[in-house]
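Model the full assembly from the supplied sequences, consistent with the hints where possible.
Going line by line, the protein sequences match chains A and B.
The first sequence begins at 1 in UniProt numbering and counts up one residue at a time.
The second sequence begins at 1 in UniProt numbering and counts up one residue at a time.
Don't read these hints as lab results, they were simulated from the structure.
Since we're looking at a predicted model, the values are computed, not measured.
A couple of the hints might just be wrong.
Because identical chains share one entry, a pair is satisfied inside a single copy or across any pair of copies.
Mimicking DMTMM-like on lysine to aspartate or glutamate, the simulated pairs with C-alpha atoms at most 25 Å apart in a straight line are [said to hold, decoys possible]: (1) Lys22 x Asp65; (2) Lys22 x Asp51; (3) Lys21 x Asp47.
What follows is each chain in one-letter form.
Protein chains: 2
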Amino acid sequence: MTNLILTVDGMTCGGCANSVKKALASVAGVTEVEVDLAAKRVSVQHDGSADEGALRSAIENAGFDVIG
Amino acid sequence: MTNLILTVDGMTCGGCANSVKKALASVAGVTEVEVDLAAKRVSVQHDGSADEGALRSAIENAGFDVIG
Numbered sequence: 001m002t003n004l005i006l007t008v009d010g011m012t013c014g015g016c017a018n019s020v021k022k023a024l025a026s027v028a029g030v031t032e033v034e035v036d037l038a039a040k041r042v043s044v045q046h047d048g049s050a051d052e053g054a055l056r057s058a059i060e061n062a063g064f065d066v067i068g
Numbered sequence: 001m002t003n004l005i006l007t008v009d010g011m012t013c014g015g016c017a018n019s020v021k022k023a024l025a026s027v028a029g030v031t032e033v034e035v036d037l038a039a040k041r042v043s044v045q046h047d048g049s050a051d052e053g054a055l056r057s058a059i060e061n062a063g064f065d066v067i068g
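Right, dumping it as structure tokens:
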């Protein structure tokens, strides 16, 4: 298992967090996503096959900004 | 110009609305998107070339539900 921590800007409520979760869950290999709204932190657990670029793109395509 | 009105569930704040707007704006042919959060109404203006299925998919992929 691989864990990736990203900082994501633009999430302001549970609906936003849900949006990011669903977008990431649709990327092949992702097994779990956790969002800490206050910290802007998104934790993505995957089986090692998920490409970091694909994960970042999924968040950007959902309308949020990966800032770290 | 073609205008499509969709009812979208799960948007609860301006960040959600922004997410839906950006997801739709990335679909080829889309020229303008307006979101009425309270009414759950999303208005999409496009040049006639945008496929309705692609518009619905963009919203679903961003983590929101098209319910009408």
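- Of all the hints given earlier, name the ones this structure violates by number, lowest first. none
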